[in-house]
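Engineer: Guided by the hints, dock chain U onto chain E, whose structure is given.
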Amino acid sequence: MRDRSQLQAAGQPFTFDAERNDEFERLCTRYPIRESMIMPALWLAQEQQGWISAEVIEYIAERLDTYPAKVYELATFYTMYHLRPVGTYHICVCRTLSCYLRDKQEIVDFITDEIGIKPGQVSEDGRFSLEEVECLGHCGTAPVVQINGEFHEEMNVEKLKAVLAHLD
Amino acid sequence: MEVKILSARFDIDNAHRIDVARTHGAYRALDKLFAMAPAEVIEEVKASGLRGRGGAGFPTGMKWGFLPKDTGKPVYLAVNSDESEPATFKDRYILVRDPHALIEGIIICCWAIGCHDCYIYIRGEYTSQVKILQAAIDEAYGAGYLGARVAGRDFRLDVTVHRGAGAYVCGEETALLESIEGKKGQPRSKPPFPAVVGLFGCPTIINNVQSIASLPYIIANGAAAYRAYGTEKSCGTHLFGISGHVERPGMYELPLGLPLLEVLENVAGGVWKGRKLKGVIPGGSSTPVLTPAEAATVTLDYESMAAHKTMFGSGGIVVLDETVDMVRLVENLIAFYHHESCGQCTPCREGLGWMLKIVRKLLAGEGTVADIDLLRELCDNIEMKTVCVLSAACTMPVRSYLEKFRDEFEAYALDGGSPQPEQREG
Numbered sequence: 001m002r003d004r005s006q007l008q009a010a011g012q013p014f015t016f017d018a019e020r021n022d023e024f025e026r027l028c029t030r031y032p033i034r035e036s037m038i039m040p041a042l043w044l045a046q047e048q049q050g051w052i053s054a055e056v057i058e059y060i061a062e063r064l065d066t067y068p069a070k071v072y073e074l075a076t077f078y079t080m081y082h083l084r085p086v087g088t089y090h091i092c093v094c095r096t097l098s099c100y101l102r103d104k105q106e107i108v109d110f111i112t113d114e115i116g117i118k119p120g121q122v123s124e125d126g127r128f129s130l131e132e133v134e135c136l137g138h139c140g141t142a143p144v145v146q147i148n149g150e151f152h153e154e155m156n157v158e159k160l161k162a163v164l165a166h167l168d
Numbered sequence: 001m002e003v004k005i006l007s008a009r010f011d012i013d014n015a016h017r018i019d020v021a022r023t024h025g026a027y028r029a030l031d032k033l034f035a036m037a038p039a040e041v042i043e044e045v046k047a048s049g050l051r052g053r054g055g056a057g058f059p060t061g062m063k064w065g066f067l068p069k070d071t072g073k074p075v076y077l078a079v080n081s082d083e084s085e086p087a088t089f090k091d092r093y094i095l096v097r098d099p100h101a102l103i104e105g106i107i108i109c110c111w112a113i114g115c116h117d118c119y120i121y122i123r124g125e126y127t128s129q130v131k132i133l134q135a136a137i138d139e140a141y142g143a144g145y146l147g148a149r150v151a152g153r154d155f156r157l158d159v160t161v162h163r164g165a166g167a168y169v170c171g172e173e174t175a176l177l178e179s180i181e182g183k184k185g186q187p188r189s190k191p192p193f194p195a196v197v198g199l200f201g202c203p204t205i206i207n208n209v210q211s212i213a214s215l216p217y218i219i220a221n222g223a224a225a226y227r228a229y230g231t232e233k234s235c236g237t238h239l240f241g242i243s244g245h246v247e248r249p250g251m252y253e254l255p256l257g258l259p260l261l262e263v264l265e266n267v268a269g270g271v272w273k274g275r276k277l278k279g280v281i282p283g284g285s286s287t288p289v290l291t292p293a294e295a296a297t298v299t300l301d302y303e304s305m306a307a308h309k310t311m312f313g314s315g316g317i318v319v320l321d322e323t324v325d326m327v328r329l330v331e332n333l334i335a336f337y338h339h340e341s342c343g344q345c346t347p348c349r350e351g352l353g354w355m356l357k358i359v360r361k362l363l364a365g366e367g368t369v370a371d372i373d374l375l376r377e378l379c380d381n382i383e384m385k386t387v388c389v390l391s392a393a394c395t396m397p398v399r400s401y402l403e404k405f406r407d408e409f410e411a412y413a414l415d416g417g418s419p420q421p422e423q424r425e426g
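Protein chains in written order, with the numbering used here: chain E, 1 to 168; chain U, 1 to 426.
Because the hints were derived from the structure by calculation, they are not lab data.
A portion of the hints provided could be inaccurate.
What the hints assert, rightly or not - Here are the simulated DSS-like cross-link-like pairs (lysine-lysine), alpha carbons at most 27 Å apart as the crow flies:
{"hint": "1", "chain 1": "E", "residue 1": "K159", "chain 2": "U", "residue 2": "K131"}
{"hint": "2", "chain 1": "U", "residue 1": "K183", "chain 2": "U", "residue 2": "K385"}
{"hint": "3", "chain 1": "U", "residue 1": "K190", "chain 2": "U", "residue 2": "K69"}
{"hint": "4", "chain 1": "E", "residue 1": "K159", "chain 2": "U", "residue 2": "K273"}
{"hint": "5", "chain 1": "U", "residue 1": "K361", "chain 2": "E", "residue 2": "K118"}
{"hint": "6", "chain 1": "U", "residue 1": "K183", "chain 2": "U", "residue 2": "K73"}
{"hint": "7", "chain 1": "U", "residue 1": "K131", "chain 2": "U", "residue 2": "K184"}
{"hint": "8", "chain 1": "U", "residue 1": "K184", "chain 2": "U", "residue 2": "K4"}
{"hint": "9", "chain 1": "E", "residue 1": "K70", "chain 2": "U", "residue 2": "K183"}
{"hint": "10", "chain 1": "E", "residue 1": "K161", "chain 2": "U", "residue 2": "K183"}
{"hint": "11", "chain 1": "E", "residue 1": "K118", "chain 2": "E", "residue 2": "K159"}
{"hint": "12", "chain 1": "U", "residue 1": "K309", "chain 2": "U", "residue 2": "K184"}
{"hint": "13", "chain 1": "U", "residue 1": "K309", "chain 2": "U", "residue 2": "K190"}
{"hint": "14", "chain 1": "U", "residue 1": "K46", "chain 2": "U", "residue 2": "K32"}
{"hint": "15", "chain 1": "U", "residue 1": "K184", "chain 2": "E", "residue 2": "K70"}
{"hint": "16", "chain 1": "E", "residue 1": "K118", "chain 2": "U", "residue 2": "K32"}
{"hint": "17", "chain 1": "U", "residue 1": "K46", "chain 2": "U", "residue 2": "K69"}
{"hint": "18", "chain 1": "U", "residue 1": "K190", "chain 2": "E", "residue 2": "K70"}
{"hint": "19", "chain 1": "U", "residue 1": "K361", "chain 2": "U", "residue 2": "K404"}
Unchecked claim - On the chain E side, residues computed to face chain U include the following (Cβ under 10 Å):
{"hint": "20", "residue": "R20"}
{"hint": "21", "residue": "Y78"}
{"hint": "22", "residue": "C92"}
{"hint": "23", "residue": "T96"}
{"hint": "24", "residue": "C99"}
{"hint": "25", "residue": "C139"}
{"hint": "26", "residue": "A142"}
The beta-carbon is built from N, C-alpha and C at its ideal position, and this holds for glycine as well.
So that you can see chain E by itself, here it is in the shape it has in the complex (with noise of 0.2 Å):
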């Protein structure tokens, strides 16, 4: 089954900044019940934080009159939300079918060589975490990696040297 992280704590108060909180309220306006934003506020507070810490479930459900339970459930059920920190740059290698075929194991073999981690795992800077994920939808250029959101299509191993070599 799933690896689950445990929920942990950032340890001082969430809320969201202004951009979000706009961004809210305007899709509270779109559903006819309020549990349908718990996904959605996950969405905003990750963006923001980068992560789900235990004060952003305790905020959501806040602000949507549920319980925390109700959004732990989610943010646990759906596997793009973090529990816990990931790197500055979060690394997603797409593991199924055509990437399977065009040889994704090289790149995640690279990153485990060159960075030293291994998928799930966060280098000891911070800098980077790996995961390897189910299909990206991106079969038709596999293999592919998505690096903070950016899909690097028909990925080789000199490819992603030179993506590496250009991040801040």
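Structural biologist: For chain U alone, kept in the frame of chain E given last:
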């Protein structure tokens, strides 16, 4: 072989922007649309023969006709943009290259079914795609195609993008509804069907992105023009995503009914590196694999695929060359479905895990022929014993590999290793 109906604007620079899209024909179907009564639109779509492009192939117009009349409740449209099945990547092209075709299609559908609130459920992994889609929706609001008075008519329509977050099961229509309602994406038992009790307990239509994006052409040009493509029962065109071991993988729009091997050869450049064909997955990872002999006789339509005991599915075609180790491939597939099980039904949650253990036991050289038979038995005992078809999406293809490539499984069981020399060396 290629045709450009759905993909007509794909190669035009900045066609995702409304000014460019309009210059090249976007929203031109609306004048004709609003001169038609909703029932006429439904009849036109029925006449076009359009079948749902998400995989099941159910006639789109007929599905709309299932909505109960005058319930007093709002009607919802949920656009399924959760394409998550390995080998399926066609809807992404519409979202990114021609999102206004989708928005125009949504207006057409909502007019036909009397809907004023549409939700587009887009998979969470589509990070850059969701931004392009949202920008297009914002433009459509700005241009008056969405909002209180669509195209100046007395018709309100709001479109909201709802992001998934990495759950394949949410592509199942009732799991998708649960997810929009702020719950875990666990499929509902049917009946009641969503057309009667759907989103927020109200009548709901769920259509795939490609189905909806096909509507502007049908309304603008008429059902007969659409039926001019394809076969009698598999009408129109389809976006085929071709991947795996081919020279030119990519997304191609083709009329339905073409011979599979001709498409692979003439459109996708044939098997890469001059290698031999070993198998073809015809419609996404959940569809039973075809041998080269079967691939030589099948055509790209629903009926031919069914006659070959496989499925048209999503049109995501994967080419397997002679070096593929089928046991390792099956391990990759089962791992996907096991990971994506929502956990609601025991046969799926536990059964797929056992299947994975057995295949890994074989790969480790510790399996027996009895394990191969047990794997087959598990397929039979899991399939159709769950709320949704996620487990069947795993067992159906696995059964096909066991039947058609049993010698490879036996090589692991009897000889402790892969029949592929490269795999042994590795």
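Engineer: Hint by hint, say whether it matches the structure.
Structural biologist: Against the structure, the hints come out as follows:
{"no.": "1", "hint": "K159(E) x K131(U)", "result": "holds, 25 Å"}
{"no.": "2", "hint": "K183(U) x K385(U)", "result": "holds, 23 Å"}
{"no.": "3", "hint": "K190(U) x K69(U)", "result": "holds, 20 Å"}
{"no.": "4", "hint": "K159(E) x K273(U)", "result": "holds, 21 Å"}
{"no.": "5", "hint": "K361(U) x K118(E)", "result": "holds, 23 Å"}
{"no.": "6", "hint": "K183(U) x K73(U)", "result": "holds, 22 Å"}
{"no.": "7", "hint": "K131(U) x K184(U)", "result": "holds, 24 Å"}
{"no.": "8", "hint": "K184(U) x K4(U)", "result": "violated, 39 Å"}
{"no.": "9", "hint": "K70(E) x K183(U)", "result": "holds, 8 Å"}
{"no.": "10", "hint": "K161(E) x K183(U)", "result": "violated, 40 Å"}
{"no.": "11", "hint": "K118(E) x K159(E)", "result": "holds, 20 Å"}
{"no.": "12", "hint": "K309(U) x K184(U)", "result": "violated, 33 Å"}
{"no.": "13", "hint": "K309(U) x K190(U)", "result": "holds, 25 Å"}
{"no.": "14", "hint": "K46(U) x K32(U)", "result": "holds, 17 Å"}
{"no.": "15", "hint": "K184(U) x K70(E)", "result": "holds, 10 Å"}
{"no.": "16", "hint": "K118(E) x K32(U)", "result": "violated, 57 Å"}
{"no.": "17", "hint": "K46(U) x K69(U)", "result": "holds, 18 Å"}
{"no.": "18", "hint": "K190(U) x K70(E)", "result": "holds, 25 Å"}
{"no.": "19", "hint": "K361(U) x K404(U)", "result": "holds, 20 Å"}
{"no.": "20", "hint": "R20", "result": "violated, 14 Å"}
{"no.": "21", "hint": "Y78", "result": "holds, 3 Å"}
{"no.": "22", "hint": "C92", "result": "holds, 8 Å"}
{"no.": "23", "hint": "T96", "result": "holds, 4 Å"}
{"no.": "24", "hint": "C99", "result": "holds, 9 Å"}
{"no.": "25", "hint": "C139", "result": "holds, 4 Å"}
{"no.": "26", "hint": "A142", "result": "holds, 6 Å"}
Against the hints set out earlier in the document, violations occur for numbers 8, 10, 12, 16 and 20.
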